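Please take these sequences and the hints and turn them into a complete structure.
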Amino acid sequence: MASHPRIVVIGAGPGGYVAAIRAAQLGAKVQLIEEHDVGGTCLNKGCIPSKALIFNAELVGWIRRAEEFGIRLAGDLTVDVTRMLERKQRIVQTQVRGVHTLLKSWGVSLLKGRGRLTGPRSVEVTDSGGTANRLEADRIILATGSNPIMPSQFPFDGERVITSEEALEPRVLPKSLIIVGAGVEGCEFAFLYQSLGAAVTMVEVKDRPLATEDEDVSSLIEREMNKRKIKIHLGTRVEKTVIGAAGVMATLSDGQTLEADRLLVSIGRSMNTRGMGIEEAGIALGERGQILVDEKMETGVPGVFAIGDAIGRILLAHVASAEGKVAAANAVAERGTRSMSYDVVPAGIFTMPEIGTVGLKEWEAAERGMKVRVGRYPFRALGRAHAMDEIVGMVKLVTDAQTGRVAGAHIVGPHASDLVHEAAIAMRMGARASDIAEMIHAHPTLPEAMMEAAEDVDGFAIHLPRRKATG
Amino acid sequence: MIPEGLHYHTEHEWIRQDNETAELGITHFAQDALGDVVYIELPKVGTEVQSGQEIGEVESTKTTSAIYTPVSGKITAVNEDLRDKPELVNQDPYGRGWIAKVQMTDSSQLKQLMDAKQYAAYLKENAE
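So the protein sequences, as listed, match chains A and B. Sequential numbering of the first sequence, starting at 905, is according to our numbering. Sequential numbering of the second sequence, starting at 4, is according to our numbering.
Some hints could be false.
[To be verified] To give a feel for the contact side, a few chain A residues facing chain B, derived at Cβ under 10 Å:
id	residue
1	S1123
2	I1253
3	R1284
Since the hints were derived computationally from the structure, they do not count as laboratory data. Nothing here was measured: the structure is a model prediction, and the numbers come from that model. Each residue gets a CB set at the ideal place from its N, CA and C atoms; glycine is no exception.
Take a look at the structure:
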């Protein structure tokens, strides 16, 4: 292979554009193909726009409570959705421009169009006008992403029965909303829309919201839903959905019927891997349509790599980026040597309050037969949390009882998605809970909750009363 | 403010006896100290409980506080209205703000509780 290998990346989401930049940094000549805008789902239809709107919603919540803080408002509060969406769009555009600047500065050439594998070393790009261009490559990285699952039982019309994509563009706010699926995305939208004034009802097949998270996280969030009058039907599915003149009617498996202005289906994502020559090139797909790769991110066809949602492992932007860096390093090197590790994957869930999580959940540890010791600390016991008036939630630290090492952390509360990174670095370094407990934490700050939770593993948190003997 | 005929616990729960059934709630003093109640974690119907055991939690805008049962037995009912209207505990702590009913296994445990007069004195004593 030439010293400046030609690498073609299909898909410019947080996996693809990161892989492209890293490959260019390592000396490759990189062509990046994107059908829509750079940044992919994350930047255009996911993480960033939803966080922009969630910030609005939180602000509305604070303003409604202004009097409690001795702030008097002269008039009534009204929400101008158009302005809200404009702000969101501005943020997205700034970020998109930023990615363009980065690509340019590293000499990555961006090709607008739909990419298609035409062989293990060749790609065809078709632009919106239908003109096709053929590219030759030494290595190819597939980063084609995913789309919302849209089962045919739901009459999607983009107005009343919608996916997350339309839920991020509410030209008019609904007075009521049914959300099918209480996973990460469904729960985020539930709090978002409730804060903006909608009556929200959720329908979830499993017996708790955020069923893959730690049990304590689910029960805290369910409690917050109750407090905000977000209704949730657990262990229930939607059997039938009908669009009427006034709204949507959903019939549930328990016979109840729900009516609302809109119904959002949020039951997961499907891999965007069909119809682009992947299987034809001899690359194996799994049963969910995910591209199968090894730990070096390489498919069964040498020289063709795949990353991100398309490989269906952990559907998170930052995991896609990490996979992209590994794939790029291996694609540029004569003999790939970097392996992808999923040991420490922190994640944020932007409910109200938000959630930060990393590592083993308590149920997961139990499933693996690991004996654990758990420390907990409620934000309610923390001075800073009171000063901020954000006292709901807790830090839960899961440690391996044998080694004392941090095995997981699950935080619900203010800045939880930021706070979780202390536990993440502890896990990465193989630190013990005592390392966190003995490290001085600045006062008055939210990370003190992490220190106290670490102390609570041994039952010695200073700012918690003595634990009652159980049994 | 402190109704006659009820039994009072040092943790500020009250009991209304009806034969072997004890209806349980938190006192006016308790709800006043907690402030606006925003959530109540209710026990599960059918749970066996021991006197002194924590059976739930009251969360207010200021704090959380455990709910203790002063009597042993089995939870036979919980006030489902509180799920939607936790504020009933503030508005009517001895009435519509009741929390749970316990089928007592040993109603003599009620003798260890205070009557209205004793509870009034207890509050006064602890006011300093």
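We went through each hint and held it up to the structure:
Hint on S1123 of chain A holds. Least Cβ distance to chain B is approximately 9 Å, under the 10 Å limit. Taking 10 Å as the C-beta contact cut-off toward chain B, the hint placing I1253 of chain A at the interface is violated, the least distance being around 20 Å. Nearest Cβ of chain B to the Cβ of R1284 of chain A: about 6 Å, under the 10 Å cut. The hint holds.
Against the hints set out earlier in the document, a violation occurs for number 2 only.
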